[in-house]
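Number of protein chains: 2
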Amino acid sequence: MADLDVTDLHGALTHRALNSMNFLNEVAQHYPDAISLAAGRPAEQFYAIEDLHAYLDTFCRYLCDELGYDEAEVRRTLFQYGRTKGIVHRLVARNLLADEGVTVDPDALVITVGCQEAMVLALRALRADDRDVLLAVAPAYVGITGAARLLDLPVLSVAGGNDGVDLDDLAAVVKAARADGLRPRACYVMPDFANPSGLSLDLETRERLLQVAAEQDLLLLEDNPYGLFPAGGAERLPTLKALDTERRVIYLGSFAKTALPGARVGYVVADQVVGHPDGTTSLLADELSKIKSMVTVNTSAVAQAMIGGKLLQNDCSLVTANRRERATYAANLRALTDGLAARFPAGEITWNVPSGGFFLVVTVPFPVDDTLLARSAQEYGVLWTPMSHFYDGDEPIHALRLSCSSVTPEEIEPALDRLTALIRDQL
Amino acid sequence: MADLDVTDLHGALTHRALNSMNFLNEVAQHYPDAISLAAGRPAEQFYAIEDLHAYLDTFCRYLCDELGYDEAEVRRTLFQYGRTKGIVHRLVARNLLADEGVTVDPDALVITVGCQEAMVLALRALRADDRDVLLAVAPAYVGITGAARLLDLPVLSVAGGNDGVDLDDLAAVVKAARADGLRPRACYVMPDFANPSGLSLDLETRERLLQVAAEQDLLLLEDNPYGLFPAGGAERLPTLKALDTERRVIYLGSFAKTALPGARVGYVVADQVVGHPDGTTSLLADELSKIKSMVTVNTSAVAQAMIGGKLLQNDCSLVTANRRERATYAANLRALTDGLAARFPAGEITWNVPSGGFFLVVTVPFPVDDTLLARSAQEYGVLWTPMSHFYDGDEPIHALRLSCSSVTPEEIEPALDRLTALIRDQL
Chain L
1 MADLDVTDLH
11 GALTHRALNS
21 MNFLNEVAQH
31 YPDAISLAAG
41 RPAEQFYAIE
51 DLHAYLDTFC
61 RYLCDELGYD
71 EAEVRRTLFQ
81 YGRTKGIVHR
91 LVARNLLADE
101 GVTVDPDALV
111 ITVGCQEAMV
121 LALRALRADD
131 RDVLLAVAPA
141 YVGITGAARL
151 LDLPVLSVAG
161 GNDGVDLDDL
171 AAVVKAARAD
181 GLRPRACYVM
191 PDFANPSGLS
201 LDLETRERLL
211 QVAAEQDLLL
221 LEDNPYGLFP
231 AGGAERLPTL
241 KALDTERRVI
251 YLGSFAKTAL
261 PGARVGYVVA
271 DQVVGHPDGT
281 TSLLADELSK
291 IKSMVTVNTS
301 AVAQAMIGGK
311 LLQNDCSLVT
321 ANRRERATYA
331 ANLRALTDGL
341 AARFPAGEIT
351 WNVPSGGFFL
361 VVTVPFPVDD
371 TLLARSAQEY
381 GVLWTPMSHF
391 YDGDEPIHAL
401 RLSCSSVTPE
411 EIEPALDRLT
421 ALIRDQL
Chain U
1001 MADLDVTDLH
1011 GALTHRALNS
1021 MNFLNEVAQH
1031 YPDAISLAAG
1041 RPAEQFYAIE
1051 DLHAYLDTFC
1061 RYLCDELGYD
1071 EAEVRRTLFQ
1081 YGRTKGIVHR
1091 LVARNLLADE
1101 GVTVDPDALV
1111 ITVGCQEAMV
1121 LALRALRADD
1131 RDVLLAVAPA
1141 YVGITGAARL
1151 LDLPVLSVAG
1161 GNDGVDLDDL
1171 AAVVKAARAD
1181 GLRPRACYVM
1191 PDFANPSGLS
1201 LDLETRERLL
1211 QVAAEQDLLL
1221 LEDNPYGLFP
1231 AGGAERLPTL
1241 KALDTERRVI
1251 YLGSFAKTAL
1261 PGARVGYVVA
1271 DQVVGHPDGT
1281 TSLLADELSK
1291 IKSMVTVNTS
1301 AVAQAMIGGK
1311 LLQNDCSLVT
1321 ANRRERATYA
1331 ANLRALTDGL
1341 AARFPAGEIT
1351 WNVPSGGFFL
1361 VVTVPFPVDD
1371 TLLARSAQEY
1381 GVLWTPMSHF
1391 YDGDEPIHAL
1401 RLSCSSVTPE
1411 EIEPALDRLT
1421 ALIRDQL
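In the order they appear, the protein sequences are chains L and U. Note that the first sequence covers residues 1 to 427 in this note's numbering. Note that the second sequence covers residues 1001 to 1427 in this note's numbering.
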């Protein structure tokens, strides 16, 4: 038999990042009756199948009415191979203007198969040889760490600290890497309600981060899946891209949380100018598009039509489209933090109170690992995520992540009761 | 400004494979009035927007009636994040049984974002270090060459010869590579109506190829986008996977030509057993799934629903579903070869007469390059593909590829008149 040994396959397959997702999914499947404070998926109670039909119709009408396509062109657009950089680029540019106040040339956009492909394209482009490294603010989303491993791009951790990013550490990590002959290409950061920390950068930190990046000649990879979900009256802050005056930010966009994950549509804004040996220039988006042509050819037109239709039905504003979802997440987040406060008045454990998003972090006086999660699922009936999945290295991590996005309000109290029982049994 | 130089980006960006597609697309866009014998896209006259709505409804009914999902589960399946290996795996397994006579464990399938992602997953898994190389039968589809470059996996050419693959050369290339300290992992081959050669392997060559692969301990990557399109009464031959008794074939499947490219849904059959250091085993499909989780997370559920619906509407047979398309391609292929015979009775040029598929190759007594294509588009009004795009190296290639798939019958005669004028002017 022509069978294989995993040691003869790509090294990423045995790396923790690629196995975390599987492990976490398997625990959830294994204990379907456990209440999940683990899943970072969006609320699904507002979805309706008939919306998919309506999105498709709305997008087809846009192709006819606004772009002037005849019937054959509409069919071709939906059924055939299409533009590598995508077909909803103008609508995404309108969305960025409406919701983020950012003016983007639609040609600087690549529509991708979810934000994950956007990361893959950007990291692949930036890895020229084995001196290149990526920086990522810790704790880091496992999708960026995993994508980097897959592309043989080492990741150096930058401390997150209490402000979401420790800028002194950023400068120190860059300096040390260069002293080792490495070439730090970019720093990955999620400035708004980060996964997993829940932290946001304040305005001053955003401005200083851009300044440090300029001083260190680093690109910033800004990932913003949760920015539309402030809670408790928090104001939305400008994205790094909105503050970026020198094309230093590659902006990674997702529609998974703001529209629907099942479309698998995301995007990257890559307006950097790329010089070529013959003296010509191109947009980084065009270089990413070449890579995309060899990864997925183009993003499914049918899937793009879903996002295009949803955008069109909401004047291209997803702030408007997510009014009910925003209220749901804010109420759930409040119920979680209030519920923790009611259950641990003596300060035996601590937690942060994020100003929005899907996640908060609970810090406990004992190590939290996958074994404890499995026990929590089996014996206590509650799921959460060990923070150890978001750190490099093997030191024990005394924290866990709770998610407020896909739990129902009725489930929160029993979920917290179960979590409390688990924690008290460890104290 | 934080701008970039292409020499600081991944080397694949300047490789021919990644620029071929762009160049060919640009020529087509630049000369929209030229008749295209270049495009390998499927015929589009049978597409109808209402089919997309019907596919979605059919798939939702299948989820309810056959899988027993309630309404909330159907919504969750379409809207949410889903199974990494896909949700139409059972239907694809039925399709493989119906159309190819192959029995596949649905768990050995990964549903991918088109066949291109299937290639990326397989090549990524098989590249453990820089000794690893891929073999590809020349002339080779640019998608495999490009994907390999993107993954830092060198490609060694195996001669195609007149039988579609030169088995002596295959053994010689493997031997020479091993002598150089390289590790040939797999050989990529398109046994049916290959792109770009139009050649098919006969049954004996298929059996001998499997035997040579076993002797050389090589995997085979079988790509089969065109197998359903025999012409002129040709019989369909068993795929390599159908003949494979030792899990030596990784089968790459596409729905772009047999259903619709706009869904971007393909798959890989990876039933190889992978051993792990702890003594456990997994399917190669599960390892590919881990890689997929870091490339695209999962294939769009909405896009999968389109393919699932189309399969369900045709008892999972795409042979049945493509009756009209098959007749169209066969008639066009015949019109091209008959038209060439009528125009060049004296044998000034030669061409092959494929037994099916989308492509044939015309051999001429002068070099054929991109400059000639640009002149053909501008001065003669006809597009085709220089065969040089499918070879490594810089030797001039005296051949061009014609495609019969997306031209209308009425366009074929004027297209051949224009091509004849170009060729006669070069003789």
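Rather than coming from a laboratory, the hints here were simulated on the basis of the structure. Among the hints, erroneous ones may be present.
[Said to hold, decoys possible] Some but not every residue of chain U turned toward chain L, in silico, with C-beta under 8 Å:
id, residue
1, ARG1076
2, GLY1082
3, VAL1173
4, LYS1175
As the structure is a prediction and not an experimental result, all values here were calculated from the model. Backbone N, C-alpha and C fix where the C-beta goes; we use that ideal spot for every residue, glycine too.
Each hint, compared with the structure:
Taking 8 Å as the C-beta contact cut-off toward chain L, the hint placing ARG1076/U at the interface holds, the least distance being around 6 Å. For the restraint placing GLY1082/U at the interface with chain L, the shortest Cβ-Cβ distance is roughly 7 Å, inside the 8 Å limit, so the hint holds. For VAL1173/U, the suggested interface contact is broken, since its CB lies about 19 Å from the closest CB of chain L, more than 8 Å. The interface hint given for LYS1175/U is broken, as the beta carbon of that residue sits about 19 Å from the closest beta carbon of chain L, more than 8 Å.
Checked against the numbered hints above, the structure violates hints 3 and 4; every other hint is satisfied.
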